[in-house]
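In order, the protein sequence lines correspond to chains Y and Z.
Residue 173 in the working numbering sits at position 173 of the first sequence, with consecutive numbering throughout.
Residue 679 in the working numbering sits at position 65 of the second sequence, with consecutive numbering throughout.
Think of the hints as simulated: they come from the structure by calculation, not from any bench.
We put the CB at the ideal spot given by N, CA and C, even for glycine.
Mixed in with the good hints, there may be bad ones.
If the Cβ cut is set under 10 angstroms, some of the chain Y residues that face chain Z in the computed set are [what the hints assert, rightly or not]: (1) 99; (2) 103; (3) 183; (4) 313; (5) 379; (6) 426.
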Amino acid sequence: MSSPRTFALVGNPNTGKTTLFNALTGLRQKVANYPGVTVEKKTGTGRNRHGEAFTVIDLPGAYSLDAKSPDEEVTRAVLHGERADTPQPDAVICLVDAGNLERHLYLATQVMELGLPVIVVVNKTDAAEARGITIATQKLTERLGVPVVPMQANERVGMEALQVALSAEPVKANWKPVEGDTAARYVAIGELLEGAVARSDEERLTPSDRWDRVLVHPVLGWLVLLGILGGLFFTLFSLAGIPMDLIEGAFGWLGGQVEARMAPGDLRALITEGIIGGVGGVVIFLPQILILFFFIGLMENTGYLARVSFMMDRLMAGVGLNGKAFVPLLSSYACAIPGIMATRTMESARDRLITTLIAPITSCSARLPVYVMLIALMLPVGTAGQKALVMLGLYVLSIIGVYAFAYVFNRTLARQEQTLFVLELPAYQRPSWREIGLQMYDRGKIFLRRAGTLILGLSIVLWALTTYPKSDSEDGSEQLAQSYAGKLGHAIEPVIEPLGYDWKMGIGLVASFAAREVFVSTMSIIYLGEEADDDSVRNRMANETRADGKPAYNVRTCLSLLVFYVFAMQCLSTVAVTRRETNSWRWAILQVVYLTGFAYLAALATYQISGFFV
Amino acid sequence: MNEPRHIGQLADGEEAQLGGMDLPEAAGDRLREMGLLPGATVRLIRRAPLGCPIEFELGGSRLALRRADAAQIFVR
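Modelling step: build the complete structure from the supplied sequences, incorporating the hints.
Listed below in structure tokens is the structure:
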């Protein structure tokens with residue numbers, strides 16, 4: 001049997017490439033990165049009408065084969081057969097938008113000139129017809145000598161005709177290479193389209209225009225955006241709690257089952273605390289990730305995401321970001337992991353990198369338990385209003401941090417690309433639930449597999465650090481004190497002492513390197529010897545004193561700890577995702593170093609300067 | 615000689631024929647590939663609620679450009 005035929009899927013961004021890719025391949029797809037670049041490589045398999053398998057490569061969106069970004073360079077190189085990791089395709093499916101054939105054929109005709117057989121898919125014919133544009137695809141088929149298939153990929157209209165084309169022997173287009181510049185190509189395309197595109201001159205207001213009247217309205221637009229974001233955060237912080245509790249319960253049950261069936265010992269502790277606890281700590285974020293990608297998918301799929309970028313661009317421009325960074329950063333306020341994964345909606349690799357680097361400064365939900373605990377310790381007799389004010393201050397500090405570091409990275413990172421900002425505003429369309437579901441499945445799978453494997457390893461290491469060497473003591477706090485983690489706490493005491501921390505807090509900092517909320521559970525082990533409810537730990541911590549008899553958790557120490565937690569990179573899952581998304585350890589390590597380093601300096605400044613006032 | 619008008623100065627809904635542009639080469643190339651060629655018709659659709667970027671219609675597509683970039687693209 002010969003190897004399956006390979007089709008490359010090529011088109012401008014926002015043409016519906018991913019939709020068509022999903023329609024052709026379903027769940028039979030593989031997502032990876034092109035080696036050496038931070039560009040996603042998507043391949044999948046489908047079957048033609050004869051039941052023969054074929055491979056589809058979804059190439060990054062491009063406007064031209066004169067590549068101007070790393071994404072476009074991948075598309076160009078694969079089509080030229082220059083990438084060792086990806087064979088040159090046997091044929092190319094050129095996806096073009098019926099609403100603007102001239103511009104989309106710019107790329108398609110360049111592909112034809114490579115000498116590769118092509119199939120032209122004219123997508124979004126419905127939206128074009130709504131604007132009075134009709135296309136005689138039959139004429140184009142005759143002129144080009146290749147299949148030209150009209151489609152509405154999101155409704156799966158035209159799939160049958162495309163399948164017929166995919167099942168036939170691929171042919172090269174009857175297209176004479178254009179000599180000359182950009183304008184010459186547009187002239188040649190104009191000749192090709194002569195008499196094949198009919199436009200009604202009548203001015204008409206499309207449904208999309210009607211939507212825009214509300215959705216980007218100077219007043220209503222903001223209200224709608226606020227409403228959607230409010231709904232998103234409500235879902236993330238309240239509704240997500242239900243499945244998160246279920247997951248927590250399920251892992252707790254699993255741990256209990258193991259404990260009931262195994263003899264006590266290191267192996268049992270490794271399984272329950274290291275493996276089940278570690279994996280459970282990651283899987284618990286899955287509901288939030290799925291919810292976020294549902295909202296992002298919905299916004300992207302309908303075309304609303306582009307309007308959000310349109311409205312927000314001005315606010316992001318000051319620090320060198322653009323409107324497309326808004327949703328990833330906003331998502332990071334729930335959890336930096338889906339936030340960083342959402343940077344894939346941004347075309348510019350440089351903007352993606354900057355957004356990824358600053359995403360962990362956003363005040364994610366894992367910080368909340370730490371904040372709540374420390375604020376209660378800092379203001380033992382404070383009113384709810386005062387406590388809320390401190391909490392608000394922490395959020396403001398994180399927003400300032402996001403903007404400040406965006407500015408710094410924008411100034412320091414090399415510019416490899418043009419700084420031109422072009423935002424396409426595609427016509428609105430009905431959401432495809434199938435499409436959104438596929439994206440959620442895809443992102444959920446990546447999260448569980450990649451972050452999960454690394455996290456599993458690291459949480460075992462962390463478990464070992466807090467468990468060994470064993471002490472004779474039955475008391476958990478003494479055990480922890482003389483474990484490697486405890487020794488580490490003692491070892492770093494001189495370093496963290498100027499920040500106002502003692503070695504016990506040091507253990508908390510070390511342990512919460514894996515995940516911030518671990519601080520709370522570690523503190524309960526340190527001060528109570530075993531798991532206990534939050535309130536009793538808090539009482540115990542409030543009564544904790546230093547050598548001089550003064551409270552250990554005074555206002556200055558608490559403030560310093562809070563500031564530390566605003567900035568410090570204490571989330572192994574995020575490190576793992578940064579590593580994956582940037583395809584390099586370099587940026588992941590830089591992220592840890594700059595954030596933790598800055599957190600140290602900021603906490604130091606907070607503790608020392610507050611000494612003059614308190 | 616009068617300063618040439620640029621596309622950022624069009625009124626909402628106003629159409630114009632493109633003239634030249636004064637942008638860095640890569641940016642200019644990209645816009646030309648997208649069809650912003652001399653003689654093409656652009657229409658200003660709307661400004662973003664904060665005044666920037668600006669949405670244009672060109673050859674059936676809607677594109678938003680920042681005010682600073684639009685100010686370097688002139689009309690005939």
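Results of checking the hints against the structure:
no. : hint : result
1   : 99   : 4 angstroms, holds
2   : 103  : 5 angstroms, holds
3   : 183  : 5 angstroms, holds
4   : 313  : 5 angstroms, holds
5   : 379  : 38 angstroms, violated
6   : 426  : 7 angstroms, holds
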